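Chains as they are written, first to last, in the numbering used here: chain A, 193 to 542; chain B, 193 to 542; chain C, 193 to 542.
Please keep in mind that the hints were generated in silico from the structure rather than gathered at the bench.
For clarity, every value in this text was computed on a predicted model and none was experimentally measured.
One or more hints might be untrue.
A pair holds if it fits inside one copy or across any two, identical chains being indistinguishable in the list.
[As the list claims (entries may be wrong)] In silico DMTMM-like cross-links for lysine to aspartate or glutamate, where the CA-CA straight-line distance does not exceed 25 Å:
hint, residue 1, residue 2
1, K226, D441
2, K354, D504
3, K304, D496
4, K226, E476
5, K226, E315
6, K354, D441
So the chains spell out like this:
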Amino acid sequence: MLSRRGLLGAAAVLAGSGTVSGRAQAATLPEAPKTSTNTMQPPLFPSSGPDYQPVVTLNGWTLPWRMNGDWKEFHLVAEPVDREFAPGMTAHLWGYNGQSPGPTIEAVEGDKVRLFVTNKLPEHTTVHWHGMLVPNGMDGVGGVTQPHIEPGKTFVYEFELKGSGTFMYHPHSDEMVQMAMGMMGMFIVHPRDPKFRRVDRDFVFLMSAYAIDPGTSLPRVSEMTDFNLWTWNSRVFPGIDPMPVRLGDRVRVRMANLTMTNHPIHLHGHHFSVTCTDGGWVPETAQWPETTIDVPVGAIRAFDVIADNPGDWAFHCHKSHHTMNAMGHALPAWPKWVRWKCRCRITRYR
Amino acid sequence: MLSRRGLLGAAAVLAGSGTVSGRAQAATLPEAPKTSTNTMQPPLFPSSGPDYQPVVTLNGWTLPWRMNGDWKEFHLVAEPVDREFAPGMTAHLWGYNGQSPGPTIEAVEGDKVRLFVTNKLPEHTTVHWHGMLVPNGMDGVGGVTQPHIEPGKTFVYEFELKGSGTFMYHPHSDEMVQMAMGMMGMFIVHPRDPKFRRVDRDFVFLMSAYAIDPGTSLPRVSEMTDFNLWTWNSRVFPGIDPMPVRLGDRVRVRMANLTMTNHPIHLHGHHFSVTCTDGGWVPETAQWPETTIDVPVGAIRAFDVIADNPGDWAFHCHKSHHTMNAMGHALPAWPKWVRWKCRCRITRYR
Amino acid sequence: MLSRRGLLGAAAVLAGSGTVSGRAQAATLPEAPKTSTNTMQPPLFPSSGPDYQPVVTLNGWTLPWRMNGDWKEFHLVAEPVDREFAPGMTAHLWGYNGQSPGPTIEAVEGDKVRLFVTNKLPEHTTVHWHGMLVPNGMDGVGGVTQPHIEPGKTFVYEFELKGSGTFMYHPHSDEMVQMAMGMMGMFIVHPRDPKFRRVDRDFVFLMSAYAIDPGTSLPRVSEMTDFNLWTWNSRVFPGIDPMPVRLGDRVRVRMANLTMTNHPIHLHGHHFSVTCTDGGWVPETAQWPETTIDVPVGAIRAFDVIADNPGDWAFHCHKSHHTMNAMGHALPAWPKWVRWKCRCRITRYR
């Protein structure tokens, strides 16, 4: 086991002349697909194993994997990226496989997963699998459960997926800086039983906040409370894809929060319940009726809603300075405040 | 239907020589009662239809309506108002029908309601019925579900009340500015079954925050985090009416939050449970025992409590800079910090 | 009754030549033990009455009591203290019986308790028993339910403990200043039935925040949002004791928040549920699965977790500026940001 876990030797990594992203380096390293756009890529339907409804990452994508024996192998590359928050607004962030947020990872309860993490940042990093029940050595806390992954190195995480649910991944190494730079992604574990709480459409959003001064492109990473870009999947209104659903669809929306403050997420025209947190599925007896979900920092709230009310519906954080753009958002300049609003469009027919 | 909905023509509005508040303008426009005081007006007991226990809006009032066929007709007038936060402290706000917060609207599950909204502000507005299950065109999101209501115009909303509960109304048009100016009100929908979760006394509070510099009277509407007036029904301690209840009363308190931060509301001497949110009634199996309720932004928490412990009890937000007044609140000047404390007085006999 | 309640005369207090801490002053005043260290003292196992599992206050202690008839008598002394947040970092705070936080008070449901509070501060104070169902006159709200306790005076609180659970005590007199100075403690009421939700280990944490400028030792008590010391039991990482537990232990962790903002508390490697608030025990049907618990201000969340995953696990607030120390925390100077991280160590054998 140890030979497949832990830090790969420098030789293995350098065999590919110093770069590993975008193609397989060796028999032991799976391909690391990357993207440079903010265009949503189609959901990845399962080609083998149990059936599931894949999630949709608006303005994002899902990471392909390869099977190696009975292991699903993924390859994340931590690296500097350019992210377009909205047309004309591009920031220099850190992310994974070409973008921020990193690609969504999807697998199935009981799967054995092996995740190669290659560090192409100018400083060390790690990956913590937030909310997942992993062995201590796979938990990704640099200096506590593993050595930091130095620049140029690849670390291999492997574990079996215990329980389904909604999780996320982010560094636990220079945390404040690396999350302020955009390093994060969602990790969805589908139930082994395809009928368990099945929905028709399943959206994921990762909320992050940036402090980028007008005329600059780099987040101020020591900022703690005064952010000017409140983003969903690192996009700002009106640059966020809408959520098209059909009348009568059962829809799940999974909201993760890696900013510095609570976000009360409000959907118009519907009531719904939180059905899943980053700790697992909420029993029906414990669910509350809601129209505004307060998502704490470092937490996830997934809610299920029946799209029974046709129309274009607003869906936004209810802190009004997050909802609204003060001025100039159509200008190719950094606005001071941007909207955090996404429309949920419900149509009778598609 | 369309002839009764949507924007009334300029002619209809101007028929009354440009003003519509305070009296009926035409057969199609119901009276728009207004008040200029902060004195609590008696609860409005139902004169027809199902019986219910009306709510009490401390330092506020409930909007009268008229029946027109089987429709309940209300008339809101958005306009500049003067609000006395406490003796000697008056601010220039925007509100409805002469005051901020606007009058509480009460009706019954299944009622058909028609709400005329006349805009007497210097800029456009709309009204969003927060938490209510309305048709898309009645949702009040300016530029998305309807055109903005221009100054001098009246828009008519009409819908059937689906489900009982605790809701609110506020603009969805220049949101940050208009809510920072005090535009908001409660909307209570009573159950059609008068016995459903009946209580003896039912109080509503709308929490709002203002940033008004010493020596001035106008909120700074672009402020996002640094407020100096934390109010309940636009009143500050010690200017808030007490909540007198009798020993043994079953009491409901409905707290809505339209500030920019969570408010943990703490009642002394009693335990209680949240029984209703802006999404509906919380099932008994899902209720938590509480003594401090964290009310998120853009959300409502109603809790039920048995007044079984006689005495004068403190009831306040537990963020201590919201609880306490630093200095000078007895002076006729703007204090930097004001108390957000209300007393809940429980007496054996009345 | 009145002769044992309320403010003791000056004569009684001065009988001991002006000081009352550390030893009994008279037959009517029980000993007021004090400590000057941050070293955890062993849990106090019950020597009489119902059996219970005492709590552990890391870097703190539990207040001894004496029996007087069928009353348990405790003596708190409010006074200036020195608190070492971490090696080399000592602040001048206000606390109880020599330290901040004050000692944890433990008793049993149904107990009659008498709590003597002696004020050795330079200003008046009171003690409020947060979340506890006490008679109005014992609630500790200065100027409302009792006169303030002037410097040099002793006030006696007495009441019967209704219901078990997790509570706290803090002043309700010049609240913002006195809590900003560190005056607070936990109050645990154990169930009368020793088997009710029994756990193997039971930890308590009180979260407080301080604003202390570099080179100074005194909190700025008017600060409202910009704190630089986020503490657990008035200690900062790496100065917080670890939480050693054995594999398979049922562990309870009770987190109370007396800062100015929510703290989302995240435990790695485990899922768990909130089982108790400051309002009482959460029914099983209402519990949510969690891995991050958002603890509101002025509230308590106790969660139960099975320690079934061996290793050293991170346990921290997930607001990353609270998690991380920016720089220099090893220097004997005030760091600008300190970690709020505690390790939960789970071992197979002890």
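query = Checked against the structure, which of the hints given earlier come out wrong?
reply = 1, 3 and 4
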